[in-house]
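Novice: Residues per chain are reported as follows:
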Amino acid sequence: MTLLIKSATIVDSKSDFHNQTVDILIEDGKISQISETIENTKNYEELTLENLHVSQGWFDSSVSFGEPGYEDRETITNGLKTAALSGFTDVAVNSNTDPVIDCNTDISFLKAKSFGNAVNLYPVGALTRNSEGVDLAELYDMQNAGAVAFYDYQKPISNPNLVKIALQYAGNFGGLVLSFPQESKITGLGVMNEHITSTSLGLKGNPALAEELQIARDLFILEYTEGKLHIPTISTAKSVDLIRKAKAKNLNVTCSVAVHNLVFSDESLVGFDTNFKVLPPLRTQEDIDALIEGLKDGTIDMVTSDHNPLDIEHKKVEFDHAQYGTTGLESAFGALNSTFTTKKAVELLTKGKDRFGIENHPIKVGETACITLFNPDDTYTFSSEDIIATSKNSCFVDHKLKGKAYGIFANNQLVIK
Amino acid sequence: MSELSVNHLLGIKYLNSQDIQLIFETADHFKEVINRPIKKVPSLRDITIANLFFENSTRTRLSFELAEKRLSADVINFSAAQSSVKKGETLIDTVNNILSMKVDMVVMRHPNPGAGVFLSKHVNASIVNAGDGAHEHPTQALLDSYSIRERLGSVEGKNVVIVGDILHSRVALSNIFALQLQGANVMVCGPKTLLPKYIDKLGVKVETDLRKALNWCDVANMLRVQNERMDISYFPSTREYTQQYGVNKALLDSLDKEITIMHPGPINRGVEITSDVADSKQAIILDQVQNGVAVRMAVIYLLASKIKH
Numbered sequence: 001m002t003l004l005i006k007s008a009t010i011v012d013s014k015s016d017f018h019n020q021t022v023d024i025l026i027e028d029g030k031i032s033q034i035s036e037t038i039e040n041t042k043n044y045e046e047l048t049l050e051n052l053h054v055s056q057g058w059f060d061s062s063v064s065f066g067e068p069g070y071e072d073r074e075t076i077t078n079g080l081k082t083a084a085l086s087g088f089t090d091v092a093v094n095s096n097t098d099p100v101i102d103c104n105t106d107i108s109f110l111k112a113k114s115f116g117n118a119v120n121l122y123p124v125g126a127l128t129r130n131s132e133g134v135d136l137a138e139l140y141d142m143q144n145a146g147a148v149a150f151y152d153y154q155k156p157i158s159n160p161n162l163v164k165i166a167l168q169y170a171g172n173f174g175g176l177v178l179s180f181p182q183e184s185k186i187t188g189l190g191v192m193n194e195h196i197t198s199t200s201l202g203l204k205g206n207p208a209l210a211e212e213l214q215i216a217r218d219l220f221i222l223e224y225t226e227g228k229l230h231i232p233t234i235s236t237a238k239s240v241d242l243i244r245k246a247k248a249k250n251l252n253v254t255c256s257v258a259v260h261n262l263v264f265s266d267e268s269l270v271g272f273d274t275n276f277k278v279l280p281p282l283r284t285q286e287d288i289d290a291l292i293e294g295l296k297d298g299t300i301d302m303v304t305s306d307h308n309p310l311d312i313e314h315k316k317v318e319f320d321h322a323q324y325g326t327t328g329l330e331s332a333f334g335a336l337n338s339t340f341t342t343k344k345a346v347e348l349l350t351k352g353k354d355r356f357g358i359e360n361h362p363i364k365v366g367e368t369a370c371i372t373l374f375n376p377d378d379t380y381t382f383s384s385e386d387i388i389a390t391s392k393n394s395c396f397v398d399h400k401l402k403g404k405a406y407g408i409f410a411n412n413q414l415v416i417k
Numbered sequence: 001m002s003e004l005s006v007n008h009l010l011g012i013k014y015l016n017s018q019d020i021q022l023i024f025e026t027a028d029h030f031k032e033v034i035n036r037p038i039k040k041v042p043s044l045r046d047i048t049i050a051n052l053f054f055e056n057s058t059r060t061r062l063s064f065e066l067a068e069k070r071l072s073a074d075v076i077n078f079s080a081a082q083s084s085v086k087k088g089e090t091l092i093d094t095v096n097n098i099l100s101m102k103v104d105m106v107v108m109r110h111p112n113p114g115a116g117v118f119l120s121k122h123v124n125a126s127i128v129n130a131g132d133g134a135h136e137h138p139t140q141a142l143l144d145s146y147s148i149r150e151r152l153g154s155v156e157g158k159n160v161v162i163v164g165d166i167l168h169s170r171v172a173l174s175n176i177f178a179l180q181l182q183g184a185n186v187m188v189c190g191p192k193t194l195l196p197k198y199i200d201k202l203g204v205k206v207e208t209d210l211r212k213a214l215n216w217c218d219v220a221n222m223l224r225v226q227n228e229r230m231d232i233s234y235f236p237s238t239r240e241y242t243q244q245y246g247v248n249k250a251l252l253d254s255l256d257k258e259i260t261i262m263h264p265g266p267i268n269r270g271v272e273i274t275s276d277v278a279d280s281k282q283a284i285i286l287d288q289v290q291n292g293v294a295v296r297m298a299v300i301y302l303l304a305s306k307i308k309h
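Which chain is which? The protein sequence lines are Y and S, in order.
Residue 319 in this note's numbering sits at position 319 of the first sequence, with consecutive numbering throughout.
Residue 34 in this note's numbering sits at position 34 of the second sequence, with consecutive numbering throughout.
Calculated from the structure, these hints are not laboratory results.
A few of these clues could be false.
Stated by the list, open to error - Computed cross-link-like contacts, DSS-like style, restricted to lysine-lysine with a CA-CA straight-line distance of at most 27 Å:
hint: 1; chain 1: Y; residue 1: Lys238; chain 2: S; residue 2: Lys121
hint: 2; chain 1: S; residue 1: Lys121; chain 2: Y; residue 2: Lys185
hint: 3; chain 1: Y; residue 1: Lys400; chain 2: S; residue 2: Lys121
hint: 4; chain 1: Y; residue 1: Lys392; chain 2: S; residue 2: Lys121
hint: 5; chain 1: S; residue 1: Lys192; chain 2: Y; residue 2: Lys315
hint: 6; chain 1: S; residue 1: Lys13; chain 2: Y; residue 2: Lys185
hint: 7; chain 1: Y; residue 1: Lys185; chain 2: S; residue 2: Lys102
hint: 8; chain 1: Y; residue 1: Lys30; chain 2: Y; residue 2: Lys42
hint: 9; chain 1: S; residue 1: Lys192; chain 2: Y; residue 2: Lys316
hint: 10; chain 1: S; residue 1: Lys257; chain 2: Y; residue 2: Lys316
hint: 11; chain 1: Y; residue 1: Lys316; chain 2: S; residue 2: Lys201
hint: 12; chain 1: S; residue 1: Lys102; chain 2: Y; residue 2: Lys238
hint: 13; chain 1: Y; residue 1: Lys155; chain 2: S; residue 2: Lys102
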């Protein structure tokens with residue numbers, strides 16, 4: 001399609017027009033012209049939006065949809081629509097479905113199901129068969145079918161030898177291994193961060209130690225194997241420190257943090273609200289400060305919404321029985337843009353692509369148009385009406401946010417609200 | 001002040017000191033009532049109360065039931081063992097089904113922390129928490145403080161140590177909050193494995209040496225080790241636990257002063273306290289049981305009076 005985007009401020013340090021307000025002409029999915037003013041001589045479709053900013057398309061490295069198996073939570077179609085309207089052009093989709101995505105036909109199913117969509121869906125295959133943590137899944141075969149990484153979603157690998165073998169084996173073909181940072185025996189029956197709030201609520205604590213011990217273990221194994229490791233969703237100050245030191249030693253490690261772990265502390269749980277029951281758990285303000293510092297100095301490579309729609313039957317129950325997870329695509333940018341500068345928020349939402357082998361498309365003439373459209377100054381209280389996901393389990397409801405996506409232009413399609 | 005600041009009794013942490021004062025003054029009256037030849041008052045003839053026990057209980061259930069009957073309320077009892085809960089019904093559905101039979105108040109014991117809070121947000125009835133996991137057991141803490149007040153004149157300024165399995169105890173937590181609200185100094189004592197790591201942040205002293213703790217205190221509240229809540233052995237053997245944290249007569253007699261011994265029951269005689277201590281005049285364990293009925297009458301009466309308004 002052909003589209004003339006009028007008066008858009010480009011937020012892309014790789015673009016020659018960074019920080020400039022320009023018109024952008026897209027023809028057949030490619031950027032054909034960027035200029036202060038483009039005359040609409042050929043009656044192009046025009047797009048004019050209030051305080052429009054554009055950047056490279058955003059990427060989320062950890063999104064769960066539910067299909068196949070849990071379509072009542074979220075379908076791929078509505079999940080991708082949620083991503084698009086939340087500004088994400090690229091999403092890595094977790095394997096926590098039924099059946100678990102652990103072989104090439106499963107990967108092919110996801111690719112086929114998302115074919116032709118504006119949003120690029122990148123499957124993350126399970127690291128072990130059925131995510132049981134026993135035997136490796138067919139990683140090479142899945143990578144060839146389109147898997148961008150391997151992860152037993154939120155399931156810690158208790159056997160260190162399996163981590164060693166996974167890193168060595170995936171190293172043969174440059175596969176990216178994800179290991180969930182939690183030592184299960186230390187976590188025990190813990191359901192929230194172990195601290196004063198868990199003590200006063202009588203809820204079993206999940207100590208920071210459980211996360212840090214697992215990260216320390218995996219970093220030792222990484223040093224030994226020289227593989228390629230990504231640690232998803234870290235949450236404690238010491239975890240940041242461990243990874244900072246590992247990077248100083250030039251280990252091939254990256255990590256992410258979930259947006260909600262940057263915004264809410266464990267004190268949010270005082271009312272036993274299960275929408276705040278997430279994994280890793282919400283930690284203390286001290287941890288939040290360290291995570292933000294880690295993002296600023298580059299120790300933490302990317303943020304994720306860790307979007308995980310869950311139906312009401314798994315949330316509107318006693319706290320101990322509720323499942324872990326919150327939706328987050330819709331609120332991700334607003335939350336980040338409230339904490340960081342817009343430039344930094346955009347950077348955090350785009351720079352994870354390299355690690356997952358996903359192409360970047362700077363906003364330049366001749367490049368494929370893969371663009372997020374947003375208004376960084378829209379201030380609002382996030383409400384259930386802002387949730388596009390099928391399930392409504394968002395911990396951001398009633399939280400003030402600054403910044404909202406209009407949508408995306410990608411794969412030669414415009415998707416806006 | 002003649003009414004509570006809350007519509008439910010979900011935990012001590014949701015009360016203020018005036019609430020506790022009001023409950024105690026009301027309990028004074030009911031204690032006098034239950035010692036009369038006719039132990040019953042007609043106060044709650046139009047109130048129906050459901051006792052929902054999703055976890056085993058003998059004394060708390062009996063104490064509540066007696067309190068309700070002494071107030072002339074209509075009472076129905078429910079326990080999870082006989083219920084649809086085993087068939088997979090959710091807590092909200094179970095309770096709403098019972099409430100649709102026109103029940104005004106729910107007294108609930110439940111294994112999950114926050115179950116009472118959860119219920120209070122989703123059903124239309126006054127909720128009394130009779131113990132929710134390791135969270136709170138507010139009526140136990142109220143009757144404990146009431147018993148200290150009765151024995152020592154007041155709670156304010158007293159040194160109270162809670163000994164034993166603090167990690168799994170809702171009694172400990174509610175007692176800490178209740179005692180602090182009334183101006184007592186609180187210490188917890190037990191093996192480090194049974195003390196929550198951040199318990200000191202609640203403003204309590206932490207001690208692992210029982211003798212030091214007993215020498216410091218005016219009152220020792222001895223808790224039972226809750227083996228049923230443990231996913232791993234937190235100490236090697238009961239014998240070794242008793243060696244370090246059991247109170248016996250010789251230990252009591254060797255202290256500089258005569259302290260008061262409490263226990264929320266059920267007692268494991270010979271484990272946390274020996275029989276001669278449990279049966280001694282220093283122990284007020286049976287007073288606690290009697291006061292439990294009066295305090296629960298007060299709580300139910302005060303909450304029911306808010307329903308009628």
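Novice: Which of the stated hints cannot be reconciled with the structure, identified by number in ascending sequence?
Specialist: 1, 2, 5, 6, 7, 9, 10, 11, 12 and 13
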